[in-house]
Each structure stands twice: as structure tokens, then as C-alpha cells.
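A.B. asks: Chain residues, written in single-letter form:
Number of protein chains: 2
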Amino acid sequence: MSDTPIFRRLALLGLGLIGSSVARAVKKHGLAGEIAGHARSAETRAKALELGFVDSVHEDPAVAVAGADCVMICTPLGSYKSVAEAMAPGLAKGAIVTDVGSVKGSVIRDLAPLLPETVHFIPGHPLAGTEHSGPESGFAELFEGRFCLLTPPPGADEAAIDRLTRLWQGMGSTVETMNAEHHDQVLAIVSHLPHLIAYTIVGTATDLEDDLKSEVIKFSATGFRDFTRIAASDPVMWRDVFLNNKEAVLNVIQRFNEDLTALQRAIRWGEADKLQDLFTRTRAIRRGIIDANQA
Amino acid sequence: MSDTPIFRRLALLGLGLIGSSVARAVKKHGLAGEIAGHARSAETRAKALELGFVDSVHEDPAVAVAGADCVMICTPLGSYKSVAEAMAPGLAKGAIVTDVGSVKGSVIRDLAPLLPETVHFIPGHPLAGTEHSGPESGFAELFEGRFCLLTPPPGADEAAIDRLTRLWQGMGSTVETMNAEHHDQVLAIVSHLPHLIAYTIVGTATDLEDDLKSEVIKFSATGFRDFTRIAASDPVMWRDVFLNNKEAVLNVIQRFNEDLTALQRAIRWGEADKLQDLFTRTRAIRRGIIDANQA
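Top to bottom, those sequences are chains A and B.
Going by the working numbering, the first residue of the first sequence is number 1, and it counts up by one from there.
Going by the working numbering, the first residue of the second sequence is number 1, and it counts up by one from there.
Take these hints with a grain of salt, some might be off.
It does not matter which identical chain is meant; a pair holds if it fits inside one copy or across any two.
[Unchecked claim] List time: in silico DSS-like cross-link candidates among lysine-lysine, alpha-carbon distance up to 27 Å:
hint, residue 1, residue 2
1, K93, K81
2, K47, K81
3, K47, K218
4, K246, K274
5, K81, K274
6, K47, K246
7, K246, K81
8, K246, K93
9, K274, K213
10, K213, K246
11, K27, K93
12, K246, K218
13, K93, K47
Everything labelled a hint here was simulated from the structure, so no lab data went into it.
Just so you know, these numbers come straight off a predicted model, no measurement behind them.
Using the sequences and the accompanying hints, generate a full structural model.
C.D. replies: If you want it as C-alpha cells, here you go:
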């Protein structure tokens, strides 16, 4: 533990992949004096104590957040309202309330009105994850070398932003701030649409006749195998992402659909040049990502 | 080199990722007495000699195949006809002619009529590859632990199938035979559609406004980054795949489109159960693949 933890008491509401990884990283780097955890299921609470990544577990969110100077919501977006209502009575004055959800506009819209004005509300989103879920699947290194995006509402307290920034930096992340609407647009393209497409294509395969399906599983070449990994991600979390970022996601589906229809037409009419031209242009984006050290 | 190479002289027509990997694997395991290479470009031929994975290079396919008991076409599907016409005069009696193309129906349809009846034509398809292209990108281990599918036409010589099977097994692959039409259906789902989708989604991102595009590159989270890797695959090879497996690919695009439209509708109308149900079912396919040791 470091000499000066950034927070005295960190309350984690939700102890799945992300919550349990935050706990492990915070412990590893001594970023909080103690960690209080809340999970709805008794099984998860028992598992968290057994694995030892929290110091205490609480069935009641209000008890978990009592005395905490940082509260981080790590549950699926769909449960934010009920979690916020349940914890609000316990919130300490001056506490930072943050989250790790993949959508930020709806979080600000839904959560802000439920929080007392005495807390600092700074939504966050670590761009990290795996296709595994649950308290056993977390690990302390999950956020190392990854971005964490903060979307403080206008007028948010600079000192609070700074403390939260140092927390994520302490876990190994690069922190950037941006406005929530812009965040949701960017994520709709880099994360939400790819997940939706992966779910769709694996779903299409799921509906195949049994003999064809078993061969698809057997001979899953590189392309399809990558999609199945993405499509094995947590169903509840992703259901909530799509429902909460509806507008931006429907917008990019529309663009994607137009582009797929154009390709479909090019295949049908044997337009070789059109296909080759697109396939050549897409290489440039990959090079951009490799140059940006994200590959 | 092993005491009993399977082939006396292997001729490789095309020395890109796959051709150069075959050459390296065959050399590593001593599966052929000598390897003759052909590539259309003088630069590639010089590179192949410099890297030393072939024993000789030839501008004329007919010279490359002269005296070869195995001829393997490793060029993009679109050049098969011209390669076959050019090499036909040089083919030795009793030679096995095979290929590594991702589509098999069109190969049998287009190639068989161009070959003398004195050779054994056994099309093949190793389910292996990377997003890199060219003679420098090959490596001897590319086929280890991967499937190689052979699609011998009805009445094909059993001894020839057996020899070719041993060649791929010698490179570390598991060999299965199936009919060409069935191969093309399975591959349309496990490989061709995923590549088409990846090209489309990365193309959609390519067309974004510049500031949004640079952020997409910067914050490319897991999902999108996987797609860009797939969409960096060889443009000419993939153009030819789609043009040569048109029917099966258009059929799966159609299915995919219906499924995507249903999801799009579920998002628009907030049908949470429908989303969660699909996202849960897709996990089962992933488990199937993990159980089949392909993940």
C-alpha cells in the first residue's frame, strides 16, 4: 500500500468483471485505504470476500457507500436508477460518485437528478474488458495501457476530476475527458456497432440447420472465431448499452446498412474494382491504429 | 530433410503469404525433394530466392511445373484461368494439381476443363492465414493445428488424395475431405461473411468526418480493433473470393440482414428481452468452439 492513498474509502457497487478488476488494481497499487463492496446476489458477495479483493461486503448500497469519499457504480446500466435510489441516503457530503458504464449521455440524464447536490458526479468509462463475466474473471492489470474516458458535466468540480483522474492513472490508464454526447457517438462506432454485428452474425449461425451449424463450429476460421469471442460478452450489460445509446447506435446501423447494401450489390453485379477499392482503403485505418499503438 | 519426401518436385505457382508458407513448411519437414517457384513479378521471384524458401524460380509457369509431381496454385482466384492455361503445356503425366483457394466450386468449374486428363486434380483449402501478404510474411508453422479441406471431384484418384493428405499432415494440418458445394456454404458463413462485414464496418468508419475518424482510431476498443485486423487482409484475394462464391455469400448476407433488421427494430422499440435472449444464445456457440479446441 502506498503512503498516500487517493481515497480513504472506495465503495464499489457491482462486483463483476469491471468492479472486481478495479478492486484488485486499487489494492495492488494502494490507491484507497479500504474498499467496501456491494452486490445484489449473496453468492457474489461471498465470492468477493473469499477472493479477498474487498475489505467488506454489504447487501444495502446505502451502507456500502457510508463514509466513502469515492463511490463507483459498476453494475449494468439498466440498474443504475435503482442503485442510485438505494444508495442516495448513505452518500457522504463531498463524495465523488462515478461509474464505468459504456454509455454516458443516459447516465447523466438518469442519474444526476437522483443524487444530492452535495456530491461530485463525474461519469467515467474505462475502455477495457474481456468476454468473461463475474467476480472471478477480474484481474488487476485489466486497465493498464488502456484509455479511461471521463465525461464531467458542465461546471463539475476540477479537484474532483483531478482525484478521479489520478485513481485511473494509478491503475495504469490514460485518462481523457470529453463531453458525453461525443463519447456516445465515438463508442457507437468503435464498440457498440462491432458488438451488435458480432452478436448478429453469431446469431445467424445459431439458426442454421444442425449439420451445417456443427460444421461452422468445427471449421470456425479466424474471422468467425473472433466474432464469437465478442458475442460471448455479458448479455445484460450489452442489452443495456444498446437500449441506452439507442439514437447513436441506430444512426451507425443505418450507415453500416447502406454500405453493406452497396457491397452486396457490387458482389451481385461482379463489380471487381469497387470491391478491391474498398478493401484497399480499409487497410489504411488498420495502419492508423497500429501507428497509434492500439493494435 | 526426411528420408522419404512425399513429392520429388513441388511447383508452387504464387509465392505470397500461403505459397511462401507452404514452401517453408515443406522445407522444414523435408516433404519434397525440391521446390520450384513461379511468381508473376520479378521482385517477388528475387525476394523468394533471397529468402531461400524455393530452390528455383521461373517466370514461365510451364517451366516451373515441368517435371513436378505436385503443382500447387497459390495465386488469387481471379488469376487461376490464366495460370492454368500458361502451365498446362508443361504438366507432367500423373502430376497432382491442387490449389489453396478459399472457394472450391468455381475452381472445379473453371479449372478442370483447362487441365489435361493425364493429371490428378484435387482442390484444397488450408484454413489458415494472417492479415499480412507477400513472400516475407509467410512462416513454416502457419498450418500447424489447422484444418486443410480437400474437395476431390467425384471419381478422383484415391492414391493422389492420399499423397496430398500426407503432404498437409506433414505440415501439421488435420485433413478432411468434403464436396465443393458444401465447402463453399460452410466457408461463406465462417469466413467470407465475417470478412465482408469487417470490411464494411471499417469502411463505414473510413467515411466518417475527419475529427470523428481520428477519435475512432485513437479509441478503437476491442471490438473495432479486431475488425480492422480482418479488414487489413489482402484486397485482391478477397475481391476474388466474393466474386467466386457469389451465390453462397449473397445468401448468407440476406440471412444476416434479416437478423440485423430484427435487432435494429428491437433496439428502436426497446425490446429488452429479445436482445438479452439473443445475446445469451450466442454464448453457446462460443462454448461449442472452445470445446472443439478452436479458440
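A.B. asks: Now tell me if each hint is right for this structure.
C.D. replies: The hints, checked one at a time:
1. For a Cα distance limit of 27 Å, the shortest separation of K93 from K81 inside one copy, 20 Å, qualifies, whereas the shortest one across copies, 77 Å, does not.
2. For the homomeric pair K47 and K81, the shortest alpha-carbon distance inside one copy (25 Å) is at most 27 Å, but the shortest distance between copies (63 Å) is not.
3. For a Cα distance limit of 27 Å, the shortest separation of K47 from K218 qualifies neither inside one copy, at 35 Å, nor across copies, at 36 Å.
4. In this homomeric assembly, K246 and K274 come within 27 Å of each other (Cα to Cα) only across copies, at 15 Å, whereas the closest approach inside a single copy is 32 Å.
5. Taking identical chains as interchangeable, the C-alpha atoms of K81 and K274 lie at most 27 Å apart only when they sit on different chains, with a minimum of 22 Å there against 48 Å within one chain.
6. Proximity of K47 and K246 under a CA criterion of 27 Å is satisfied in neither setting, with 34 Å inside one chain copy and 52 Å between copies.
7. In this homomeric assembly, K246 and K81 come within 27 Å of each other (Cα to Cα) only inside a single copy, at 18 Å, whereas the closest approach across copies is 49 Å.
8. For the homomeric pair K246 and K93, neither the shortest alpha-carbon distance inside one copy (34 Å) nor that between copies (64 Å) is at most 27 Å.
9. Proximity of K274 to K213 under the C-alpha cut-off of 27 Å is restricted to the inter-copy arrangement: shortest distance 22 Å between copies versus 32 Å within a copy.
10. Taking the closest pair of Cα atoms, K213 and K246 come within 27 Å of each other only across two copies (21 Å); inside a single copy the shortest separation is 31 Å, beyond that limit.
11. Taking CA atoms no more than 27 Å apart as the test, K27 paired with K93 passes inside one copy only; the shortest distance there is 24 Å, against 72 Å between copies.
12. Taking the shortest alpha-carbon separations for K246 and K218, only the inter-copy value of 23 Å comes in at or below 27 Å, while the best intra-copy value is 35 Å.
13. Taking identical chains as interchangeable, the C-alpha atoms of K93 and K47 are never at most 27 Å apart, the minima being 31 Å within one chain and 70 Å between chains.
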